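Number of protein chains: 2
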Amino acid sequence: MISRGPGLSEFALIERYFRKAGAMRSDVQLGVGDDAALLQSPPGAQLVAAVDTLVAGVHFPHGSPPASIGHRALAVNLSDLAAMGARPAWALLALTLPEVSEPWLEEFTGGFSALARSHDVALVGGNTTSGPLSVTVQILGHVAKSTALLRSRGRPGDLVFVSGTPGDAAAGLAIEQSRLAASSDPDGYLRKRFLYPSPRVALGDCLRGYATACIDVSDGLLGDAGKLAHASGCGVRIAFDDVPVSEQLVSAVGEQRARELALTGGEDYELCFTVPPSEVDRLRHNLPAERWGYCCIGSLSEASGTVVTNKGSVIEFSHSGWDHFGS
Amino acid sequence: MISRGPGLSEFALIERYFRKAGAMRSDVQLGVGDDAALLQSPPGAQLVAAVDTLVAGVHFPHGSPPASIGHRALAVNLSDLAAMGARPAWALLALTLPEVSEPWLEEFTGGFSALARSHDVALVGGNTTSGPLSVTVQILGHVAKSTALLRSRGRPGDLVFVSGTPGDAAAGLAIEQSRLAASSDPDGYLRKRFLYPSPRVALGDCLRGYATACIDVSDGLLGDAGKLAHASGCGVRIAFDDVPVSEQLVSAVGEQRARELALTGGEDYELCFTVPPSEVDRLRHNLPAERWGYCCIGSLSEASGTVVTNKGSVIEFSHSGWDHFGS
Numbered sequence: 002m003i004s005r006g007p008g009l010s011e012f013a014l015i016e017r018y019f020r021k022a023g024a025m026r027s028d029v030q031l032g033v034g035d036d037a038a039l040l041q042s043p044p045g046a047q048l049v050a051a052v053d054t055l056v057a058g059v060h061f062p063h064g065s066p067p068a069s070i071g072h073r074a075l076a077v078n079l080s081d082l083a084a085m086g087a088r089p090a091w092a093l094l095a096l097t098l099p100e101v102s103e104p105w106l107e108e109f110t111g112g113f114s115a116l117a118r119s120h121d122v123a124l125v126g127g128n129t130t131s132g133p134l135s136v137t138v139q140i141l142g143h144v145a146k147s148t149a150l151l152r153s154r155g156r157p158g159d160l161v162f163v164s165g166t167p168g169d170a171a172a173g174l175a176i177e178q179s180r181l182a183a184s185s186d187p188d189g190y191l192r193k194r195f196l197y198p199s200p201r202v203a204l205g206d207c208l209r210g211y212a213t214a215c216i217d218v219s220d221g222l223l224g225d226a227g228k229l230a231h232a233s234g235c236g237v238r239i240a241f242d243d244v245p246v247s248e249q250l251v252s253a254v255g256e257q258r259a260r261e262l263a264l265t266g267g268e269d270y271e272l273c274f275t276v277p278p279s280e281v282d283r284l285r286h287n288l289p290a291e292r293w294g295y296c297c298i299g300s301l302s303e304a305s306g307t308v309v310t311n312k313g314s315v316i317e318f319s320h321s322g323w324d325h326f327g328s
Numbered sequence: 002m003i004s005r006g007p008g009l010s011e012f013a014l015i016e017r018y019f020r021k022a023g024a025m026r027s028d029v030q031l032g033v034g035d036d037a038a039l040l041q042s043p044p045g046a047q048l049v050a051a052v053d054t055l056v057a058g059v060h061f062p063h064g065s066p067p068a069s070i071g072h073r074a075l076a077v078n079l080s081d082l083a084a085m086g087a088r089p090a091w092a093l094l095a096l097t098l099p100e101v102s103e104p105w106l107e108e109f110t111g112g113f114s115a116l117a118r119s120h121d122v123a124l125v126g127g128n129t130t131s132g133p134l135s136v137t138v139q140i141l142g143h144v145a146k147s148t149a150l151l152r153s154r155g156r157p158g159d160l161v162f163v164s165g166t167p168g169d170a171a172a173g174l175a176i177e178q179s180r181l182a183a184s185s186d187p188d189g190y191l192r193k194r195f196l197y198p199s200p201r202v203a204l205g206d207c208l209r210g211y212a213t214a215c216i217d218v219s220d221g222l223l224g225d226a227g228k229l230a231h232a233s234g235c236g237v238r239i240a241f242d243d244v245p246v247s248e249q250l251v252s253a254v255g256e257q258r259a260r261e262l263a264l265t266g267g268e269d270y271e272l273c274f275t276v277p278p279s280e281v282d283r284l285r286h287n288l289p290a291e292r293w294g295y296c297c298i299g300s301l302s303e304a305s306g307t308v309v310t311n312k313g314s315v316i317e318f319s320h321s322g323w324d325h326f327g328s
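Note that the protein sequences, when read in sequence, are chains Z and B.
Mapping of the first sequence onto our numbering: position 43 corresponds to residue 44, and the numbering continues sequentially without gaps.
Mapping of the second sequence onto our numbering: position 218 corresponds to residue 219, and the numbering continues sequentially without gaps.
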């Protein structure tokens with residue numbers, strides 16, 4: 002009645018791709034192929050659920066590698082679970098496609114599946130529709146009761162940490178979009194950081210018992226740290242020079258611009274978390290920073306709002322860019 | 002970096018709509034607002050999960066009432082759970098919007114929320130993105146272990162039933178699209194059947210213990226009964242004159258066309274289920290058909306394939322319409 006694009010036989014084809022995607026898990030009693038999946042949660046665990054959508058032209062450029070789209074659609078959801086300290090188990094995938102192309106589906110499913118298997122995530126439900134390219138993934142996982150990391154449990158004085166080197170993905174996207182010269186990224190490191198982000202699931206899992214609050218960095222470190230602080234009823238102060246940046250990013254755009262991108266670029270899928278000063282020694286001892294790749298960038302404050310300091314001066318961000326002024 | 006359409010303040014607005022949508026449930030430890038939801042499944046139950054997407058211009062006409070879009074996005078998922086005999090508990094909503102309109106969001110959330118509350122479903126996660134209008138809902142529910150209704154457990158000789166009066170929704174859609182005169186639907190009954198379908202959650206819940214197999218009717222009764230039969234390793238025979246049709250549909254399009262629409266129209270969100278002949282008396286006694294609104298339309302066969310009979314003759318469906326020939 003309404004145009005449905007791909008025919009039933011094409012949907013059957015897609016279902017075949019979905020059936021072989023992801024990890025095999027013994028807690029999946031019924032996966033792709035019926036009206037719904039049947040799953041067995043471990044006793045005593047809380048279920049953790051998140052959903053995220055990637056739209057072509059909004060979250061990734063039109064013409065992105067299909068494997069990257071599949072990888073990122075799952076990665077952004079794994080990152081949500083990482084931010085809760087939860088272990089992922091199952092994913093459901095809703096894929097809207099303008100047309101059915103077997104090579105595209107093969108690559109897309111390959112990208113999704115490789116990441117799913119590396120995190121032991123089973124694809125338990127799939128749904129395909131005709132329309133503008135968009136991918137929605139629902140992720141389900143578990144966390145021991147009352148141990149999940151929330152955004153809202155930070156306290157003034159807690160130190161603020163970030164994992165990895167934010168800003169790389171924003172530069173990689175700029176290269177993908179020809180806004181930054183590809184020659185500035187000779188080995189493709191920055192592009193890879195955008196196309197194939199690494200959600201910090203293992204780190205999130207380990208941070209339970211140390212972190213008071215945690216959020217995943219998807220919209221830019223500055224904004225996401227501000228969201229964590231706001232949810233915790235605090236403000237946040239970030240030291241510009243302490244924001245970690247990769248050699249590759251500094252080499253591509255210079256140190257100043259690298260830190261600006263690290264604070265505002267987005268698409269990082271790193272974790273921003275808070276630890277009370279009394280717990281920092283234990284954190285550093287049990288989860289060595291050199292192995293886990295995190296560093297301290299500031300602290301939560303009583304006063305609300307987000308402040309970036311540079312050698313004692315406050316830097317203020319405005320929509321038109323960065324303004325520097327003494328304070 | 003990539004255009005994100007609505008700004009953060011607009012997303013905050015949308016989140017406010019999501020926070021007040023749906024039922025309140027004590028098993029939701031953390032709902033909308035963090036990176037993921039924290040949920041407590043009842044002990045011993047299996048988790049049941051499904052996902053469905055509605056795309057503007059594909060699953061509903063552009064310009065559909067926002068309340069209908071919200072209602073249908075949840076209804077199609079509730080219908081998936083109904084087909085498993087599961088009780089719904091929690092939903093996550095991924096909404097892609099070309100622009101942010103408060104009146105639209107108010108109506109959309111109202112439609113979603115009314116249906117959610119009537120089924121005691123909490124909205125536990127929401128995600129909004131900028132892009133062509135599309136709604137993906139993930140539904141989570143529960144069913145007692147090893148009691149779920151599958152598509153695959155039908156056996157030759159089982160009688161095939163359908164709930165409600167399929168075909169109404171297809172006619173209602175045709176009226177919405179001006180392919181059928183609105184005057185043929187004087188009280189708006191058929192349009193309402195398309196715009197606000199009633200998922201058969203209570204019936205699905207009751208059918209556990211009677212039905213051998215069950216599927217929800219979304220793509221047309223003929224095709225969906227065929228899918229059930231195929232999954233069960235059977236064929237299916239349907240008696241044309243036994244296909245239930247509403248008075249309103251017969252009045253709008255005539256009896257012959259009404260039954261054709263009932264078999265092929267789609268968008269019904271009724272249940273098609275199978276019951277062994279030995280169990281039919283118990284079914285009819287404990288779940289009276291006049292109260293539950295189902296009727297027998299045929300049976301599963303050893304021979305594969307889908308056959309429609311009319312007064313002993315086989316009717317064959319082709320893509321160009323209906324062909325009648327003797328047999």
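Mixed in with the good hints there might be a few duds.
A pair holds if it fits inside one copy or across any two, identical chains being indistinguishable in the list.
[Claimed, not checked] With a straight-line cut-off of 25 Å between C-alpha atoms, the simulated DMTMM-like cross-links for lysine to aspartate or glutamate are:
id, residue 1, residue 2
1, Lys146, Asp28
2, Lys312, Asp206
3, Lys228, Asp206
4, Lys21, Asp188
5, Lys193, Glu256
6, Lys21, Glu103
7, Lys312, Glu248
8, Lys146, Asp121
9, Lys193, Glu303
10, Lys228, Asp121
11, Lys228, Glu100
In short, the hints are calculated from the structure, not lab data.
Computed from a predicted model, the values in this text were never measured in an experiment.
- Could you tell me which of the hints above the structure violates, numbers in ascending order? 2, 4, 9 and 10
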